[in-house]
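Enquirer: Here is what each chain is made of, one letter per residue.
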Amino acid sequence: MHEFAIAQDLINLIKDSLKDSKMKTVTKVTLALSDPPMLVKESLELGFGVLAKNTPCENARLIFTKGSKKGFFLIGLEGEDGD
Amino acid sequence: MEIKLIKNVLEVNERQSEENKKIFDAHGIFVCNIMSSPGSGKTTLLQKTIPVIKERSRVAVIEGDIYTTRDALRLKEFNIPVVQINTGGGCHLNAAMIAEAMKALPLKDLDAVIIENVGNLVCPAEFNIGEDEKILIYSITEGDDKPAKYPLSFTNAGAIVINKMDLAPYCQVNIDKLKLEINQHNNTAPLFMVSALKGSGLIPWTDWLLSKIENKSR
Ligand SMILES: Nc1nc2c(ncn2[C@@H]2O[C@H](COP(=O)(O)OP(=O)(O)O)[C@@H](O)[C@H]2O)c(=O)[nH]1
Ligand SMILES: [Mg+2]
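Protein chains in written order, with the numbering used here: chain R, 1 to 83; chain X, 1 to 218.
Check each hint, because a few of them may be wrong.
Pairs of lysine to aspartate or glutamate residues, derived as EDC-like cross-links and limited to a Cα-Cα distance of at most 16 Å, are as follows [unchecked claim]:
#, chain 1, residue 1, chain 2, residue 2
1, X, K4, R, E58
2, X, K4, R, D35
3, R, K69, X, E11
4, R, K28, X, E133
5, X, K149, X, E181
6, R, K24, X, E2
7, X, K7, R, D20
8, X, K22, X, E133
Hints are computed from structural coordinates only; laboratory data are not their basis.
With the rest of the complex left out, here is chain R (with noise of 0.2 Å):
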């Protein structure tokens, strides 16, 4: 049960990442996870879901993509800006 605790690092992070951006709304998330992976995809996305409610990434997808560097990567953000 890392996930949970991985989705509000993640969430906090595209908070981060969209200061400086005009997005308002994130659509697609996606990441990069290294093989073998340290999180299940499914748990993160639970948690994920439940955590966002209320920020910017409310209604966001994840979409996971195999990474090259041992790790966990958020690699890109897809949204509508404010106004």
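Following the hints, put chain X with the ligands in place on chain R, whose structure we already have.
Expert: Chain X with the ligands alone, transformed into the frame defined by chain R:
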């Protein structure tokens, strides 16, 4: 629109942990992170430790628990600040949770913060939370073969308390083998052999803790 970036998600906890430590350091507060499997005696040890260190230092406790406030209630009689964190399913405390709990603590009036992590011998060891020392409580009822099975908990520990020594006659546990196996994973952490329930063997442990607290607040 699209943003491309490469950010290590796991570094978020590490950065928050450093932030927490900076704040604790600025206040001269010694922080220990107590880890063990469920039921090894973390709370019992706290119940025996707090009255002793309270005599010489100002201590607060952060209690980590998945759902309940039971452990925090067991510490109520000591009249010290106790902050409860419920992880709601999470298997360990993380640095962001501690940052939140710190807001409820009178940092200016403290010398030590003891954090009881969620009972779990695996995950807590992987997440720094801003502590000076990780302390592993290991009950001899868990057997003499676990250091090799849960190496990180042993390797990362700054001190190891072997608890429930009063039960040694009733368990098939070879204490010498246990010590040897611990030594293979960590030969620097002091080992304290205690029975928290009976209150025996506690003086070397509380002396060690007090010296850590006093060194930091100086
Ligand atoms: N015999 C014996 N029992 C102990 C000792 N320390 C704790 N216990 C018992 O172990 C159980 C779990 O203890 P607790 O402090 O709640 O463990 P925690 O889950 O690690 O906080 C309780 O029933 C305690 O009374 C000890 O030194 N000897
Ligand atoms: Mg407890």
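Enquirer: Against this structure, judge whether each hint is valid.
Expert: Against the structure, the hints come out as follows:
1. X:K4 / R:E58: 20 Å, violated
2. X:K4 / R:D35: Violated: K4 (chain X) and D35 (chain R) sit about 22 Å apart, past 16 Å.
3. R:K69 / X:E11: It holds: about 14 Å lies between the C-alpha atoms, which stays within 16 Å.
4. R:K28 / X:E133: It is violated: about 40 Å lies between the C-alpha atoms, which goes past 16 Å.
5. X:K149 / X:E181: 11 Å, holds
6. R:K24 / X:E2: 11 Å, holds
7. X:K7 / R:D20: 15 Å, holds
8. X:K22 / X:E133: Holds, at roughly 14 Å.
Consistency note: the structure conflicts with the earlier hints numbered 1, 2, 4.
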